[in-house]
Structure formats: C-alpha cells, structure tokens
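Student: Please take these sequences and the hints and turn them into a complete structure.
Order-wise, the sequence lines are chains A and B.
Our numbering puts the first residue of the first sequence at 106, with every later residue one more than the last.
Our numbering puts the first residue of the second sequence at 106, with every later residue one more than the last.
To be clear, the hints were calculated from the coordinates, so they are not data collected in a lab.
Careful: at least some of the hints might be erroneous.
Just so you know, same-sequence chains aren't split out, so a pair can sit in one copy or run between any two.
List time: in silico SDA-like cross-link candidates among lysine to any residue, alpha-carbon distance up to 20 Å [claimed, not checked]:
hint: 1; residue 1: 435; residue 2: 399
hint: 2; residue 1: 435; residue 2: 147
hint: 3; residue 1: 268; residue 2: 368
hint: 4; residue 1: 407; residue 2: 352
hint: 5; residue 1: 135; residue 2: 120
hint: 6; residue 1: 314; residue 2: 398
hint: 7; residue 1: 329; residue 2: 278
hint: 8; residue 1: 268; residue 2: 398
hint: 9; residue 1: 428; residue 2: 121
What you are looking at is a predicted structure, and each value in this text was computed from that prediction instead of being measured.
Protein chains: 2
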Amino acid sequence: MESLLLKSIKGEKIERFPVWLMRQAGRYMKEYRELRQKREDFLSFCKDVDLAIKVSLLPLELLEVDAVIIFSDILVPVELMGVRVEFKDGEGPSVVWDGVVESLKKLSFNSADFVNEIIMGVKKAQKEVPVIGFCGAPFTLLSYMVEGGGSKDLRKTKLYMWKEEGYNSLMTLLVENLVEYLRGQVLAGADVVQVFDTWAMHLSYEDYKDYAETYLKPFFERIKRELNVPLIYFYRGSSSFLEVLKDFAVDVISVDWTVDMIGSMRSINKAFQGNLDPHLLYADEGLISQKVLEFLRCIPRKTKYIFNLGHGIAPDMDFHKVKFLVNLVKSYRV
Amino acid sequence: MESLLLKSIKGEKIERFPVWLMRQAGRYMKEYRELRQKREDFLSFCKDVDLAIKVSLLPLELLEVDAVIIFSDILVPVELMGVRVEFKDGEGPSVVWDGVVESLKKLSFNSADFVNEIIMGVKKAQKEVPVIGFCGAPFTLLSYMVEGGGSKDLRKTKLYMWKEEGYNSLMTLLVENLVEYLRGQVLAGADVVQVFDTWAMHLSYEDYKDYAETYLKPFFERIKRELNVPLIYFYRGSSSFLEVLKDFAVDVISVDWTVDMIGSMRSINKAFQGNLDPHLLYADEGLISQKVLEFLRCIPRKTKYIFNLGHGIAPDMDFHKVKFLVNLVKSYRV
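Tutor: Rendered as structure tokens:
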C-alpha cells in the first residue's frame, strides 16, 4: 500500500496530512545523545552504518512520524571529493579546500557506499514509512567550500561567484557528483529525495537567477529524468525565489515561515512542505495547540501538503513538545 | 528649487537617479573615526549636537550624496522612555527593561530636543540636499526591549508577542511615542522621514500581518496625515512582506537585495529605494562598475527611484569604493 507521504505528494485523497520534521533525529532527543557518545568525531558517527541506521529510526520509534530521513550530513559528498571536512564541538564545520577544481574527485553512484548502506538498513528495518535520501544543493555546498565553513553573509562566495573563474566548473562538477550521490541513494531504496539549499538565501534575486538557478534547473531535471523519484527542494529565504521555482522540475517545495505558503498553494500547482515557525516549540502546549490548529485550518487543499517546520529542530527544544506537535498534526482530519 | 530626491519620490522628471547610502556616515570613514574619538560612550556621541551635525554632514562633503540622514541611533527614543540602553565596544546594544509597560514614559515632540537640534543644525549648515529624519519601527524597537539587545532569531520577542500580555499596550505606546518623536524632527525641518524595520524579517508572513502590520498601518497613516512629509519604509526580508506593503501609506519602499525589486516596480505604484547587495563593495572597481551599470539599466522607470544599498555600509568597506559607487550612479543618465 502506498504511503501517506507519497499519496499526498501525488495529490491522492488522504485522511490526514503526513508529518515529518527536519532534524527530527537530533540532539534534542536523549536517545540521540546517548548514541552520539559512541563516536567522538561527528563524521565518523555519520559513517558508522549501524549507528546511523539506529539514529535514523529514532523518530519513527519515538515520534511515529510519517517518513524517515536518513541520518547523515550534507558535507559527506564534499569530503568524498577530496576536501578536508571537520566538525569541532560547539562550532560549525571546518572545510579546507585548496581551491583547485581540477583536483577534485568525480563521484559515482557507489562512492558513498556507507550512505547507501544506511538507506538499505533503514528500508530493511521497517516497511511502514518511506525513506528520504538527501543532499545539499550545489550552491550551498560550493559556499561551504569557498567560505571554509558556514557563513553569515557569504562574502567570499559572492566574490568567487562574481569573478566566475572557478565558479562554473565547480558548479558543473558538483551537479554531476550530486546526481551520482543521489543515484546511489535511489538505487539503495530511497523513496523520495530532498535537496537542502540552506545558504542561497543570502543571494540577491538576480544572482540566484544568474548563478544558482542556472545549475539547479538542469540538476532537478536530471534527477527527475534519471532517478525518477519524488523530489523535494528545501531552501531558506523562501519568499525571495518562489516565483523562479514554479518552473523547476520539483514535486514538493519546502519553505520556511517567511513566505505566504498558504497564498502560494493557491497559485502554484506543486505540493508544499512546511512551514511552521519552529520557535513556537518554545511556547507552552496551549499556545502550540492554538497556533498549529489555526495554521492547519488555513491549508487550502485537502492534499498535496506535508506538514513540517520551516527549519530544523533546535538542540534546546523539548522532546515532549515535539511529540505533542506531531500528535496534534496526526489527529487533525483534513 | 526642489531637490532631486523629492522630485524622484513625486515622480517628476529627473536627469539622473538620486543616491544616498544607509549608514553613509560611519566607521568606514577616517573622518568619522576621528570625530568618534571625541566621546567614549556611543550614546553620548549621538547626543553631542555639534559632533552629530558634523558627522551627519560628512557624506555630503566627502561623497556628495543627494540626501543627508541625521546621525543618531534607533534606540534613542527607547532610552527617553526610561529604558537603560548601553553600547559596549564591539558588541551590539544592551537594553535593560523591567517589563512594566505602565512605567514607561510618554514622549512629546520636544522630548528629544538634541535630535531636533541636530536636524536644525544640518538644515542651517547646507541648503543643497534634503534632510532625512528617522526612527525605528515599533516592532523593531519592541524586539530590542524584549530581547535585551539584538537577536538572531527573536525567540523571546515571539513568545512575548504570541502571549499578548504586554505586547499590545507596548506597541500602542511605541506608536504614540514614535509619532511624537518624528513630529519633533519634522517641526525641526526634516524634509523626509525613514522608518527602519530591521528585525521584522524574522517574523512569519502570518505573524507580520497579525502583529506588525496591525500597528504599522495606522502608524504610517498618522505620519502621513499629521506630519505631511514623504515617508520611506526600510525593512529587511523584503520579499516576504512586499504584498502586504502595497496598501501602506508609505511613499517609498526601501528594500534589501533578496527581493525582485525591478519586477515589483512594474506592479507596485510607489517609489522604490535600494537594493544593491552591499557585498559588491568588496569587489574591485571593474566588477563594481559592471554590476552597477547592469543593475541601473534594468530599472524600468525614469523616476520614482532612489539608489541605495540593500543594507548599511559595513565598517570594513573601502571609502574609495563607496565614493566610486556614488560617482558611478551620479554619472548614469536616465
């Protein structure tokens, strides 16, 4: 029987909205923190297939969400390309790249064998819900490589992009590699893939069109044509580029809370995912309940919608409130 | 003779676009840094009328911009309301408020006599260009009071707002006080006023409508009706709320670079101000010239436009490049 998530994406009749949450397996869970202690280094933790399978499954066991996203990190393919990636406690990732595009490795569908094994393991462990594979968007990964980590303004990335010396060849390579990276995940059994574009939000509207869309559009077309799975695109700064996205070959647009999602659902014929402000999880249950129900009642269609937050769950959020939220959405009849 | 800025706002014929820059008097200028040394504390510096007049005039003298914005800080009226405001070197402002709305002071048009004197001084010192008075938007000021300073996510503000215990009375008082604060500036001679809404960008689309717009709309209507000057509204996260703003009583919408300003100018009949990505100022002059001319050629109107950046000039920007930018815009014929 087809899953609720896939039914909703396809526009088939559903009784309730499917729900999963970005960063649903994370530090806010006691069980996650316990498993995390088994490996000192974050990347080794991601690469430990058994641990990563256990972590991926936690939200299904503890929250009973409607989809499992595999536990991994968007920088995994960057490291496989030969770039040094390190995670230090309490800091963001450190990415050390020498700037030479030509010496970066080309990936094939089996380059990330451990990621593919995590997918197979999660598929084998349960049949109830679909498994979401994922990768970072080409521009977001390029920005980590150029900045040397996260950045609050993409200052270096913008200069690199405008100068166009290595930009085009690096983006071309990232697109090639990410298609292979996702191909491996789909061959391993991923039912859906999600592309995370965390950093495009810092681009101007014109630069997004000139420098990101140029690569995203064919990237999405290749995923749809060659991999043939439902495709979700999550990006921050969602109101900026929504008009551009209408023409993308994505099935689901996953948006943050700054966009008029409800208005957009009326005019854009794609499935939507999102977009509750995650800060609501700091409120008490009465307020959460009130705001979430107000929100759900405004969703204008009975289908083609996946409940999610507008961004990931933060480490200091209360597990019980997250569970309360999931139950609330699951009990709401469309 | 009417100034280029006012002509452009009114839609009268102009030969070139007017230009001024947010934070045009600031640390990136040697002359600013020299004057800044004359006072240890930042707020005392803002309140020293002679110094503030000199600082306000620096961009006219050194860059020959088309408007002078008075040198001050958006937290000045907050301090006048009885809240402790401190600026520590290298940190953002610290705002200590006890949370009691009832004990906050009501302002009148002459509460900020030193601000009004700065306007009079700048008007007296030159007749060439209009003088812009300003204030922070009610929501942005409330967020400083509730957070105790700047915030990257407005976590406390959102909870305060959703609970609605003090929110409505504080917003009502802020609107009243800010109308008076601007009234003083207009009586002192301000030709234009700009309202800075730096933090509304963190609100969801629905929350902006429910909690910010509710107060902004009547605030703007009162400014227009009672003070009768051209009104500019600058807000970050510009793509999120542009549709809402169409119905505001503002003359000029000042936007950041994440919005399709050029497309919006075709559909929204207001003057626009903005929206160059300020990071371009880190590029070399060749690239600045290329990108700025590309940008100017796309402006679809010959008037009702004011060139500005999408945000303020950063302290580490190069004065010579800022001057190069101003000259470039001034030499472009519409």
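Student: Take the hints in turn and mark each one as holding or not.
Tutor: Status of the hints after comparison with the structure:
| no. | hint | result |
| --- | --- | --- |
| 1 | 435 with 399 | within (15 Å within a copy, 50 Å between copies) |
| 2 | 435 with 147 | neither (33 Å within a copy, 53 Å between copies) |
| 3 | 268 with 368 | neither (38 Å within a copy, 26 Å between copies) |
| 4 | 407 with 352 | neither (23 Å within a copy, 31 Å between copies) |
| 5 | 135 with 120 | neither (32 Å within a copy, 66 Å between copies) |
| 6 | 314 with 398 | between (36 Å within a copy, 18 Å between copies) |
| 7 | 329 with 278 | within (19 Å within a copy, 54 Å between copies) |
| 8 | 268 with 398 | between (48 Å within a copy, 16 Å between copies) |
| 9 | 428 with 121 | within (17 Å within a copy, 59 Å between copies) |
Violated hints, in rising order: 2, 3, 4 and 5; the structure is consistent with all others.
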